[in-house]
Each structure stands twice: as C-alpha cells, then as structure tokens.
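The listed protein sequences correspond, in order, to chains A and B.
Its first residue numbered 375, the first sequence is counted upward by one per residue in the working numbering.
Its first residue numbered 180, the second sequence is counted upward by one per residue in the working numbering.
Cross-link-like lysine to aspartate or glutamate pairs, in silico, DMTMM-like; alpha carbons within 20 Å at most:
id, chain 1, residue 1, chain 2, residue 2
1, A, LYS931, A, GLU1186
2, A, LYS1184, A, GLU1172
3, A, LYS535, A, ASP700
4, A, LYS914, B, ASP249
5, A, LYS1184, B, ASP212
6, A, LYS1175, B, ASP199
7, B, LYS238, A, GLU1206
8, A, LYS474, A, ASP681
9, B, LYS238, A, ASP1189
10, A, LYS377, A, GLU392
11, B, LYS262, A, GLU857
12, A, LYS962, A, GLU1206
13, A, LYS914, B, ASP222
14, A, LYS884, B, ASP249
15, A, LYS693, A, ASP706
16, A, LYS884, B, GLU223
17, B, LYS238, A, GLU1186
18, A, LYS884, B, ASP222
19, A, LYS1184, B, ASP199
20, A, LYS535, A, ASP606
21, A, LYS1101, A, GLU1150
22, A, LYS377, A, ASP456
23, A, LYS1173, B, ASP199
24, A, LYS474, A, ASP644
25, A, LYS1209, B, ASP212
26, A, LYS468, A, ASP456
27, A, LYS876, B, ASP222
28, B, LYS238, A, GLU1204
29, A, LYS914, B, GLU223
30, A, LYS641, A, ASP458
31, B, LYS238, A, GLU1205
32, A, LYS914, B, ASP199
33, A, LYS489, A, GLU584
34, A, LYS695, A, GLU529
35, A, LYS641, A, ASP473
In case anyone wonders, no lab produced these hints; they're calculated from the structure.
So you can see what is in the structure, the chains are spelled out below.
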Amino acid sequence: MLKIVVVGNGMVGHHYVEQLAAADVEAHITVIGGEDRPAYDRVHLSEFFSGRTPEDLALTTQEHYRELGVEAHFGDAVASIDRDKKTVSTVNGKQFAYDKLVLATGSYPFVPPVKGNDHESCLVYRTIDDLDNIQAQAQGSKVGVVVGGGLLGLECANAVKNLGLETHVVEFAPGLMGVQLDAGGSAMLRRKIEALDVKVHTSKATQVIEANADGDSRLIMRFADGSSLTTDMIVFSAGIRPFDQLARDCNLKVGERGGIEVDQQCKTSDNNIFAIGECALFDGRIFGLVAPGYRMAEVAASQLGHDSTTFQGADMSTKLKLLGVDVGSIGDAHGSEAGAVAYTFSDERIDVYKRLIVSADGKNLLGAVLVGDCSDYDTLLQYFLNGIALPTDPQTLILPYNAGGAPALGAAALPATATICSCHNVSKGDIVTAMDAGYCSLGEVKAETAASTGCGGCAALLKSIVDDELTSRGLEVNKAMCEHFNLTRQEMFHIIKVESIKSFAELIEKHGSGRGCEICKPTAASILASLWNDYVLEEKHVGLQDTNDTFLANMQKNGTYSIVPRIAGGEITPDKLIVLGQVAKKYKLYTKITGGQRIDLFGARVQHLPAIWQELIEAGFETGHAYGKALRTVKSCVGSTWCRYGVQDSVAMALYIENRYKGLRSPHKLKSAVSGCTRECAEAQSKDFGVIATENGWNLFVGGNGGMKPRHADLFATDLDDETLIKYIDRFLMFYVRTADRLQRTSVWMSNLEGGLEYLQQVIIEDSLGIGAELEEQMNNIVDTYQCEWKTTIEDPEKLKRFRQFVNSKAEDRDIIFVEERGQPRPATEEERIKILALSA
Amino acid sequence: MITALNTTEPKIIPLCGQSDLIPNSGICAAVGDQQIAIFFLPDETPQVYAIDNWDPVGKANVLARGIVGDVDGRLVVASPLYKQHFDLITGECLEDHQVSVATYSVTLLANQVQLSL
Ligand SMILES: Cc1cc2nc3c(=O)[nH]c(=O)nc-3n(C[C@H](O)[C@H](O)[C@H](O)COP(=O)(O)OP(=O)(O)OC[C@H]3O[C@@H](n4cnc5c(N)ncnc54)[C@H](O)[C@@H]3O)c2cc1C
Ligand code: SF4
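Next up, chain A with everything else stripped away, as it sits in the complex (with noise of 0.2 Å):
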C-alpha cells in the first residue's frame, strides 16, 4: 500500500489528512506532529483566552484519527529526511519510509535578533503553549509590550489588554498594518486604538532588552532613537518566518528569503515531496492564511487521486476586528498599479475611514481599504473578486447612504463563479445547485454546501442569495404557522403586542380561521404570558397550553408526571433535600438527579400533584418550570466561595439569574450556567445563555446548545460588571422572545438571524434599533408579576378540580402500573402491564 507520510499536524496538515481519508485513496497514512497535542484552529486561538480550553479548539483527537487509519505520532518532530532511502527521522529516532511526503511544517514567529529576547518574559504568540506561558506571565506583571503592529501583533495586543495589563504596542515601520492598510486608514486605525487606551510607538528599532535591576517592572526596552520603555512582559509578533530548516538540509529548492517553492500541484522540487500551507512558497509568495493553505491540501491531496486540480494562488482580503475596531483590506490597498485612480471618505466625527482603488479606466476595483466601518465589504470584495464593472461613480459605493451611496450589489448582481464563502470555498453557483436539487430554506443550504458554517462572515450575503432565488423561481416560502393562521411566531408576537390583544378567542376571530390547533394555541399562549404574564390556569388560557403547561408537570410515558422544584444555582440545604427523599417515599416516586443540577420525581399521577406541591411548598419550594417552554436552569459551579481557583462568586450571580427570569415564557426552553472562573466547569458555553466570571467581571456567552445539535455559545461581551450584564441579558432574551420562530431554541434563531453575532450586538449593547429600554421595561414587567403557578394553584379549589383523574370517582387509572428495577419504581412494559392486568382479573 502506498506510504504517505504528513509532516506538521496544523491546521492545514489536518485538512489534508481529512481530504485524503474523504477520497478513500488506497493508503497508509502518518501524521507526524511536533506539538504535544493533535491539530487546533489556530485562527481562533485569541479564544483562548476568553474561556476557549484546547479541548474547544481542537480539530481532531488520537480517537478521530484512530477511527481514519491514521497512525499519528505527537510531541516528535521530524529531524531530517533522507530522500534517497526515503524516511524521515524524528528527534527521539525514529524511522518512518515514505513513498510521498507533505510537509505542512507552518511557520514560527519572527523574533528581531535583539539581545535580550532570551529573556524568560519574552514570549510570542502561535500556539496553545505560547498562551498558557503569556498568561503564566501576565499574573505578575502590571504592563506588557506587543513588538509588532501588524495583523497578529494587534491581536496580541487584544489578548495582552484584556490581561488586564497596561499595553504598548512597538512598530518597526511608520505605520500600524502597513501591508494591508494606506496611510490614511493605518492613521485612523491608530487614533481609535489609542482611544482604547492601548499605547501606540511607531518607528521604533528595539536594540537591547535589559533586566531592569532596580524599579518595579522587570524589563527596559532601548530603542535607535534614544528612547526607552519599561514593562514587564514581552511579546514578539513581527512577522512569521517559515518552517523549512528540514527542506534547507535536504537541498530542496527554497526560496531566498524562506519558504518551501512549490508548484501548481503543490509538488516541491522533489517529485515525491509536497508542501502545503505557511511553509510552501508559490509564485514567491507565503500565505499567511487558512483558506489558501487549505486549498493547498485540497490540491495536493487531489494528485493522489483521478481528478487533479491545480493551485492558482488565492486572494488574501480580509475582513477582521481588531481591538473592537472594524478593519477590512481588499487587494491592492496601496494603489501600486500605473493610473491606479483613488477615492478617499473620511468621516473623523465617527472614525470612519474608506478608500477605494480604482483602475486607470475606471471600470475595475483594485483593491479597497475600510476602517471603523466595514459593512461595505462584501459588496466591494465581490466587485474585486469577480470583475464586477463599477458604477460611473465609484464613490459612490463608500459614501454613506443618506449622501448619495449606492445600496450594496444585489444578489442577483452576482456571476455564477463569484465566491460567497471562502472559509469552504462555496460559490454562487454551488449555492444554486444545491436549491436546484431541492435544498431550498436557508439551514438546508448550509448543511448541505457548507456555506455559512466557518467564520460566518458571510452569512447576510448568503441569505440575500438564498431569498433571491427563491423569488425568481417563483417559490414563496410559505410562512404560516398553521392552518388557523397565515402568520410567523413573530407577525403573532407583533399583532398581540400592538393590538393589545387578551386571549386566543380575540385573536383567531380577528386574525385567524377556524379554530385553532396544538400548533398555534400554545404558541398564542406562551406569547401571552410573554407580554402579560396571566396565570396560565385562567380559564381563558387554560384549553391553549400543552397538557404540561396545564397540569405544571412533565407527562411521562404512561400518563403519569414528573416533578422538577426549583433548586436555583443547584443550591440546596440538608433540610429541603430531606424533605425531596420524605416526598418521593410517601407518594412511590422514581428519583433521579437532572444535568441541570435539579431533582427529578417521576412517575407522580395527576390526582396527586396537588397533594405532593402542598407538602413541598411547605418547605419552601417553588414549581421549577421544567413543564414549561420558559426558563428551566441556571447551573453554577461553587466559585470563589470554595473553589481555589475562583474569582467572583459565582453561585450568587447564578441564584440572582435564575430568580430574576424564572418563570419567563419564551418561544423554547432557556437554560443558562455560571461559571466561577475560565475553566468553566458549570459548562456555561453549551447554554442559551453563559456568564463565566474574569478577574475584572463577567464575559456573556450566547446561543450555545447541548442535545442533538450541540453549538458552542459565542462570546457576546466581556468583563461586564453586575449591572450591565443584567442589562445585556434583560434586551438579549426579550429581544429573543420578540423575535424567535416557534420553538426555536436561540442557537437557531442566532444562526438565522441576518447578520449574526454582529448584528445582535449592535441591538443589545449599542441599542441601534433604539429599543434598549422598552426590551428591559417589558423584562422588568415580567419579574414584577412573577407568581409560583403551583402555589397559586393549590390556593383554589375551582382549579383543583382539574387534577382530578375521574369527574366521578376517586378510582385511581389500572392501567398506570410499576415495577421495581433497581430498587425504586418503573413504567411497566406493555407486556408486563397486560401480564399483570390479567393476573389481577
């Protein structure tokens, strides 16, 4: 069988590994990896720092792998490669034979020979290890110095800030992102960077790093120019140099300044060595991103099989926050070419830097330069992309709207070949087929091209595509919630909202036909105890609720129903959980302990539900809600209470949630968890919504999910103090609430939103829909009318009649029937239960 051994196990080394394995090429694979751990997203590795562990980063795992075929080898680095014999040799000795051979070796961060970077507080920034050292050094040290203004090195100096130290970031050049920025932007970048405190030098050579002997910080930095700076910590992020020492000992063609060359096959100057990724060099060139190297391995990989392909080079725009501030590059931001005509917006009122590259002629962008506002650049990196031809007026497509801007380039406007995902190299054209053969709402196109699913920054031109071929062929995505009602969740939400509406009867005899189903009636239900917050018994309501809502319990399988108390942060005393045990005896109850850190007693019939909430209301519980589509858990670890490694009290902010929206009725159920410090143990990230406590605060999490589809929650805000994050959560769930399709659980609603997880912070955090106050007005009015519906419930006797198993006799239902497995009661099987029907005939 054929031999190939992969060198580096990166992010790009591992989508070769994946492409091969999806090929099903006849082939012993090797992955050989110097790191000690398999691959991990390095694009998202600043994550790290805001709670992301390796797990979370991780791409695949020895298990994965084992599953592939692969034999993967960690924490060994290649030494050498004999080309003759065809082996290569790691550092601990080992031999593996190869008949092909990819490097995907990387790259490593460039450190200036100064003297002095050997110093144990100098760092750099490239893998996992590089960060826990960062943040090792970061507990001692007050201020910290990001050498380096570039892409990385801003980054960094993020990373360094929300450290909580003071930072400066030292530039080499007169400029801040001189390779993707003019002047002008690299200038309005600096102003909005230093308004957030960070220090900018620029034109700075460091020439010697010194141990500051006497004074508080352990480093001096002495520049060219005469001057110095103080600190206490270091970070080298000047650039990346590739890794090709093994290739330079092997006499394999590189090029004068690095780099493994390559050709369109991605073949190396050996015709059974390949290179993929930051180490190879094509056309003289090093991409320093991931969807080229990914690319890359797609090509290389592909020589193996019938269809070749061939790498062409790739685009390298981008589009990214920096320090909150959006910055975006397209193409040629210099303006090098001969006649290259420019047009510059500045608005220094808002910090708003565009300008536009034209060609000589006027009819094509050559690149373009965004700071401080980048909702132009999808638009304008499809004109570059595809040969768009411009308007007359090119200016127009950066002027504001309100002074002439042309609107973005509609959907319709693009070519079949123009890419609107480049994370999975999906064009308009895959997007089409893909409707074509029948996947036409907007989650079936995801799942099916994968467009969307990487860094999401396509996802608002995605869906214009989406919605316009559907227009053009015709096709009306039908909306309707039910036969009852030509009308979304939200249209409902807005009619009920607006016209005041009070019941169901009112709103399907004004807006409705018919009279009403299992679909719109809970729906019409949960949105008015959303807006009004009745008691859900009343009598009006009582016929609209799913039998759970109507008997505030969880049927079960045979009828019978669960019981969930409220147990807030999972925080409960000896003495209740005594009374939980006394409970579950006297009425025969199943008992078992919920993820959410609840207890669960099942197997309760209707007729004694009433009996069993008077005793634990007696106690002190409340009803949990876990019936209703509403608030269940906020699960909290023990945090700086008890915990060693705490830092804010997490159990109390989690008890103070989870009374505040208890009871709280939305479109799917919520859930929420606490976690004292980033090691995240109360597993805030897989909820709807997450807090995890920082040395400054809190960082929100949203949108994450357990169950069938899992999705990590994404960092919404950080270092929040109490009231504010109250405030952000107060607008992000009612806002939810607004404008959520029916059971629709946040992650999905998320996904589906135009404009994502950008979009979603401009509403909650900058208010710019401007209905910031009524979001926390309507929450407050829903904690102000908060009731225990089970104490309301057995506080009157009219209501009580409903939980009574027959109208006309106390005999309990035969048919409800338990064994004991394990010594504590179960459903019978059917088979058992007629079985024992029969006996007892």
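Given the structure of chain A, go ahead and fit chain B with the ligands onto it with the hints provided.
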C-alpha cells in the same frame, strides 16, 4: 372494550355536572373499568363530545388531556403523548387510518352530562 358496556336496552348514565367541565378542554369520567374523555366546546353544536380516554398509539389513558381544535374543519383532539389527531365525532385517527378510538353519545341536559348506551 365497548362490548362490556353493551346492554340490549338503551341506558342513560349521568356522568357529571356542567361545572365539572372545562371550556375548550377535556376531562375524564369512569364507567365501570372504562375511561371516557369528555370535551366541552361551548361554541359548537353539540357542545359535548366523548371518546375513549385510552390513546391506542401512546398506550396510556391520556386523550382527555390533549389540546382540542380543528383540522380541515374536523373537530379533533391531539394526543398529548405523540400528537396524533383523533376525530371527536368519528374517533378516527387522522394520521393513521388503521387506528381509531370508540366514540360515545353524550348530551348536556339541565346542567348534567349524560351518557346514553
Ligand atoms: C493568533 C493567530 C491568529 C490568526 N488569525 C487568522 C485569521 O483570522 N485568519 C486566517 O486566515 N489566518 C489566521 N492565522 C493564520 C493561520 O493560523 C495559519 O495560516 C494556519 O494555521 C497555517 O496552517 P499550517 O498548518 O500551515 O501551519 P501551522 O498551523 O503552524 O501548523 C504547523 C504545525 O507543524 C508543526 N511542525 C513544524 N515543524 C515540524 C517538524 N519538523 N516535525 C513535526 N511537526 C512540525 C508545528 O509545530 C505546527 O504544529 C492566525 C494565526 C495566529 C497565530
Ligand atoms: S469554573 Fe471550576 S475551577 Fe473555576 S471557580 Fe468554578 S469550580 Fe472552580
């Protein structure tokens, strides 16, 4: 099961009072070992409907606790277990024509719900 209730003469059995009913929802009455789900729809004629309480799909006595409504104009209750619809007049299961539940003739007379057999 219905055969157990059959006698040759029509028989009237009082089940409950009107105040035991819940508007636009169901309750359950026992007749011997038989469980009957009774639905009270004040805006329809007639106002009361009765079918088996036993859900033949979910295999539990739960139909009285389902949500009532209409599908294509037919009055139905949706099983609270797996959401199949049962026609309140014919007992037919809309999702599976092989399955049906028994229906009973009930009347609301002088604030009394009566079953005629
Ligand atoms: C902080 C940060 C942020 C970034 N943000 C973005 C972004 O937003 N967008 C984007 O497109 N790109 C971004 N990048 C760049 C992106 O991460 C790289 O382009 C990508 O990781 C390159 O993948 P690779 O596999 O070629 O190299 P790497 O991921 O570096 O992997 C190479 C691996 O090979 C190993 N190796 C080296 N030599 C040997 C040897 N002799 N034997 C065995 N193993 C060896 C290395 O230890 C390493 O694990 C970012 C990078 C960093 C550091
Ligand atoms: S998250 Fe874990 S480590 Fe951190 S405070 Fe809570 S229990 Fe302790």
